[in-house]
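A.B. asks: Each protein sequence line maps, in turn, to chains H and R.
Using our numbering, the letters of the first sequence map in sequence onto residues 1 to 426.
Using our numbering, the letters of the second sequence map in sequence onto residues 1 to 425.
Treat the hints with caution; some may be incorrect.
Here are the simulated DSS-like pairs of lysine-lysine, each with C-alpha atoms no more than 30 angstroms apart in a straight line [claimed, not checked]:
#1 H:Lys324 with H:Lys101
#2 H:Lys228 with R:Lys201
#3 R:Lys411 with H:Lys228
DEER-style ranges, computed between Cβ atoms [stated by the list, open to error]:
#4 R:Ala388 with H:Val31: 47 to 57 angstroms
#5 H:Tyr107 with R:Lys99: 23 to 33 angstroms
#6 R:Ala422 with H:Gln30: 44 to 54 angstroms
#7 R:Asn127 with H:Gln30: 47 to 57 angstroms
#8 H:Arg210 with R:Ala118: 42 to 52 angstroms
#9 H:Lys149 with R:Gln134: 44 to 54 angstroms
Bear in mind the hints are in silico, worked out from the structure with no lab data behind them.
We put the beta carbon where it would ideally sit given N, CA and C, even for glycine.
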Amino acid sequence: FRIMAGKVKWVTDIEKSVLINNFEKRGWIQVAENEDWNFYWMSVQTIRNVFSVETGYRLSDDQIVNHFPNHYELTRKDLMVKNIKRYRKELEKEGSPLAEKDENGKYIYLDFVPVTFMLPADYNLFVEEFRKNPSSTWIMKPCGKAQGKGIFLINKLSQIKKWSRDSKTSSFVSQSSKEAYVISLYINNPLLIGGKKFDLRLYVLVSTYRPLRCYMYKLGFCRFCTVKYTPSTSELDNMFVHLTNVAIQKHGDDYNHIHGGKWTVSNLRLYLESTRGKEVTNKLFDEIHWIIVQSLKAVAPVMNNDKHCFECYGYDIIIDDKLKPWLIEVNASPSLTSSTANDRILKYNLINDTLNIAVPNGEIPDCKWNKSPPKEVLGNYEVLYDEEMVQSDGTDRDLRSRPGQSTGVKGSRAKDSGKPVLTTWK
Amino acid sequence: SWEKRILKSLNSMCTELNIPLAQKRPVNEQKELLNKWNEMGTDEPDLSLFRPVYAPKDFLEVLMNLRNPNYENGEQPSFRNHLGLIQVPLKVKDIPELKEDFSELGLNIGQLGIDDSAQVPPELFENEHVRVGQKVLAEQDSAAAQQYVRQGCPTALRADLWALILNISNQPEDILYYEQLKSNVIQHNLLVDSLIYKDVKLTASNDDYYFVFEDYLYQVLLCFSRDTSVLEHFTYSSATPPKSYIQGKLGMEEYAVFYPPNVNYNSFILSVAPLCFLYHEPSKLYQIFREMYVRFFFRLHSISSHPSGIVSLCLLFETLLQTHLPQLFYHLREIGAQPLRISFKWMVRAFSGYLATDQLLLLWDRILGYNSLEILAVLAAAVFAFRAVNLMEVTSLAAAEAVLADLSTLKVMPLLQIFLFATVT
Numbered sequence: 001f002r003i004m005a006g007k008v009k010w011v012t013d014i015e016k017s018v019l020i021n022n023f024e025k026r027g028w029i030q031v032a033e034n035e036d037w038n039f040y041w042m043s044v045q046t047i048r049n050v051f052s053v054e055t056g057y058r059l060s061d062d063q064i065v066n067h068f069p070n071h072y073e074l075t076r077k078d079l080m081v082k083n084i085k086r087y088r089k090e091l092e093k094e095g096s097p098l099a100e101k102d103e104n105g106k107y108i109y110l111d112f113v114p115v116t117f118m119l120p121a122d123y124n125l126f127v128e129e130f131r132k133n134p135s136s137t138w139i140m141k142p143c144g145k146a147q148g149k150g151i152f153l154i155n156k157l158s159q160i161k162k163w164s165r166d167s168k169t170s171s172f173v174s175q176s177s178k179e180a181y182v183i184s185l186y187i188n189n190p191l192l193i194g195g196k197k198f199d200l201r202l203y204v205l206v207s208t209y210r211p212l213r214c215y216m217y218k219l220g221f222c223r224f225c226t227v228k229y230t231p232s233t234s235e236l237d238n239m240f241v242h243l244t245n246v247a248i249q250k251h252g253d254d255y256n257h258i259h260g261g262k263w264t265v266s267n268l269r270l271y272l273e274s275t276r277g278k279e280v281t282n283k284l285f286d287e288i289h290w291i292i293v294q295s296l297k298a299v300a301p302v303m304n305n306d307k308h309c310f311e312c313y314g315y316d317i318i319i320d321d322k323l324k325p326w327l328i329e330v331n332a333s334p335s336l337t338s339s340t341a342n343d344r345i346l347k348y349n350l351i352n353d354t355l356n357i358a359v360p361n362g363e364i365p366d367c368k369w370n371k372s373p374p375k376e377v378l379g380n381y382e383v384l385y386d387e388e389m390v391q392s393d394g395t396d397r398d399l400r401s402r403p404g405q406s407t408g409v410k411g412s413r414a415k416d417s418g419k420p421v422l423t424t425w426k
Numbered sequence: 001s002w003e004k005r006i007l008k009s010l011n012s013m014c015t016e017l018n019i020p021l022a023q024k025r026p027v028n029e030q031k032e033l034l035n036k037w038n039e040m041g042t043d044e045p046d047l048s049l050f051r052p053v054y055a056p057k058d059f060l061e062v063l064m065n066l067r068n069p070n071y072e073n074g075e076q077p078s079f080r081n082h083l084g085l086i087q088v089p090l091k092v093k094d095i096p097e098l099k100e101d102f103s104e105l106g107l108n109i110g111q112l113g114i115d116d117s118a119q120v121p122p123e124l125f126e127n128e129h130v131r132v133g134q135k136v137l138a139e140q141d142s143a144a145a146q147q148y149v150r151q152g153c154p155t156a157l158r159a160d161l162w163a164l165i166l167n168i169s170n171q172p173e174d175i176l177y178y179e180q181l182k183s184n185v186i187q188h189n190l191l192v193d194s195l196i197y198k199d200v201k202l203t204a205s206n207d208d209y210y211f212v213f214e215d216y217l218y219q220v221l222l223c224f225s226r227d228t229s230v231l232e233h234f235t236y237s238s239a240t241p242p243k244s245y246i247q248g249k250l251g252m253e254e255y256a257v258f259y260p261p262n263v264n265y266n267s268f269i270l271s272v273a274p275l276c277f278l279y280h281e282p283s284k285l286y287q288i289f290r291e292m293y294v295r296f297f298f299r300l301h302s303i304s305s306h307p308s309g310i311v312s313l314c315l316l317f318e319t320l321l322q323t324h325l326p327q328l329f330y331h332l333r334e335i336g337a338q339p340l341r342i343s344f345k346w347m348v349r350a351f352s353g354y355l356a357t358d359q360l361l362l363l364w365d366r367i368l369g370y371n372s373l374e375i376l377a378v379l380a381a382a383v384f385a386f387r388a389v390n391l392m393e394v395t396s397l398a399a400a401e402a403v404l405a406d407l408s409t410l411k412v413m414p415l416l417q418i419f420l421f422a423t424v425t
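Build the full structure now, drawing on both the sequences and the hints.
C.D. replies: Structure, rendered in structure tokens:
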């Protein structure tokens, strides 16, 4: 049938209703992986195969996938940190004002990732840092896992003896990425609301890395722990106090299935504006947008900017009690499971808006298009950063200049927040 | 006699469950509670045997059956045509009077909740309004603040403006008073504590906005139930809340605790919860709530003829609807869906738990600004007006409830403005 021939053929290996309902409502046709397909929403294992040297295959112009081939440069905890460190050093070398440091040697604008080391590779460097502050708490995270699995907190060197390179008792830690850990300084002064710790989950869509074009989903949410926060060392093992992952919290005694321990970002904004004031709240959200963009810029040079790809990331951010945001990690496959009714609606709309941007008009894609969707299809996304727009003459952009709005008006906001002027964004 | 009914119900619950109304806590229990003061939300005692003393619809039944024994038929002819549930002929305002009273809500006056939306350039109203607000705060002018908030509070100034209007300054003696109440809670266990606990679990813990503040709610409400200074305001109310004495200490005033007229704590809980968005310091949160209670919210839970009392609000709502949306009113009445049956729960809770928090706070700005709860009745009528088209098509009470089930997307200021100033009457 001629009509059928024009419909997008889709495949997925993630059986989630929020995805499938969105494909079906567009009248797209489901096919199998070995058939001709136009759109494949794949898990991260599958993308590895598609782009691998041995088993990979070439994608044709009418095929789109939802991951960049080497997304792990951003989404693996150790590589993310490595790339950000490299990016900072490069900026420092070229004398960029962005890389400015304060009197303690800390980056003023680029200090948004907690101090982190790779284990076992950097074990000795870590020990040196640990000894400077022996009462500090550190968090151990396996590089390749998700959902809070394998994470634990330590405050004594003895607790990570295994990763010491010259430990006689450790079985030799293999070089395979599964055993690798990162250890980061634990943020033990998170901003608490109602006495509980929370983190932010924000969705960011990247349609191209060079030029960088990314969108922020306006409807992010906070994930609260069910148990009151305490930095007490006796509770370092209590994951219900420290880890906000829903996968962990939902096993707690007090987990509630109606709201799922989630707050909208607009609730957070209202609370912060009411209790802390508008300027500091705007500054906080500005900074959050800033660190997201910087993290993308950091990996942009090493990303395989394959034109068949787009990606929707789940950014995890923690705000400390000085209202400073910290980038904890970036997820390539943010959960599409719905823990509550509101959740389902949110994720359904997220996918809907994502597809509207990535697959224009819901028609068979041509990956050679300029990836510049019109404003009307953005839905709940707003432009976070558009490198092309920034590079063109800044004065004739019609973008809102209200402070705190996540738009491409980096120029005027950079001035508002006292950061170095327009040039930093070019 | 309504109060006697509640007291009887409380007493019978005590006998049934073999729990005294009030008793002193053993020392180890006191210690435990003190340690857990900040996280009572994770406690899980068996509450299945406790039942709420009454539900809002019970209260509505009582109001419906009120009759004025002095009422003569000849007095108010128009009231004979009143087809609503309230049968007490209290004087309520009509729209022209409301327009005068609420003149600052007029169409050509700037409002927060309308003129601060993203499409409106802030230079037109918002920036100047913020500037004026800051000035009012700097001068600590309570009367000016009350006038000012009629046009809405900027979010960053709201906490301070409300405190100024309510004359709450959180002096050391206020903090001390709160600590004293807290220690009363630690020392003595009241039956109502369990009711409070259960009600918080049922309402706030399941609420998308308020669940975060669950622990604050326990703290505030447990203290409130021991705050006999609240009794002072009852000297000008016709309510006489029961006092109880700790077992064995009958008559000794320092061992007295009082039971507020409303032992259904849902309404209390929902009137504390929004305040948690503004105040995170427990003693200040407590005082603000207490002041809001004695100035406004107690009128929603007791029977009086006051214009802001719940009876008048119900009557005002019904009259507005019957007068200005007669077709809708008659239709709903015909299908057995008396409008008050639906709107009662909104008004008795001052819309908390029904509106989005930012909208609720804009509404409460006006309660403070106009020193009256009448706006609740006006909003209730405005909501019906807004959904009139859908409501005209329903054929049952359940369907009408469904149309009005979700108010979380409503923007209250445009609704109020249109209803008062832009509807042809």
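A.B. asks: Has the hinted range 44 to 54 angstroms been met by the Cβ atoms of Ala422 (chain R) and Gln30 (chain H)?
C.D. replies: Check passed, 51 angstroms falls within 44 to 54 angstroms.
A.B. asks: Measuring from beta carbon to beta carbon, are Lys149 (chain H) and Gln134 (chain R) in 44 to 54 angstroms?
C.D. replies: holds (50 angstroms)
A.B. asks: Hey, Lys228 (chain H) versus Lys201 (chain R), does the alpha-carbon distance stay inside 30 angstroms?
C.D. replies: Cα-Cα ~16 angstroms, so holds.
A.B. asks: Is it true that Ala388 (chain R) and Val31 (chain H) lie within 47 to 57 angstroms of each other by Cβ?
C.D. replies: The hint (47 to 57 angstroms, Cβ to Cβ) holds, given that Ala388 (chain R) and Val31 (chain H) are roughly 49 angstroms apart.
A.B. asks: Just to be sure I understand the hint, the distance between the Cβ atoms of Arg210 (chain H) and Ala118 (chain R) should be within 42 to 52 angstroms; is that true here?
C.D. replies: violated (32 angstroms)
A.B. asks: Are the Cα atoms of Lys411 (chain R) and Lys228 (chain H) separated by 30 angstroms or less?
C.D. replies: violated (34 angstroms)
A.B. asks: So does Tyr107 (chain H) sit 23 to 33 angstroms from Lys99 (chain R), Cβ to Cβ?
C.D. replies: Violated - the Cβ-Cβ distance for Tyr107 (chain H) and Lys99 (chain R), about 59 angstroms, lies outside 23 to 33 angstroms.
A.B. asks: Tell me if the straight-line CA distance from Lys324 (chain H) to Lys101 (chain H) falls inside 30 angstroms.
C.D. replies: holds (17 angstroms)
A.B. asks: So does Asn127 (chain R) sit 47 to 57 angstroms from Gln30 (chain H), Cβ to Cβ?
C.D. replies: holds (54 angstroms)
The earlier numbered hints that this structure contradicts are 3, 5, 8.
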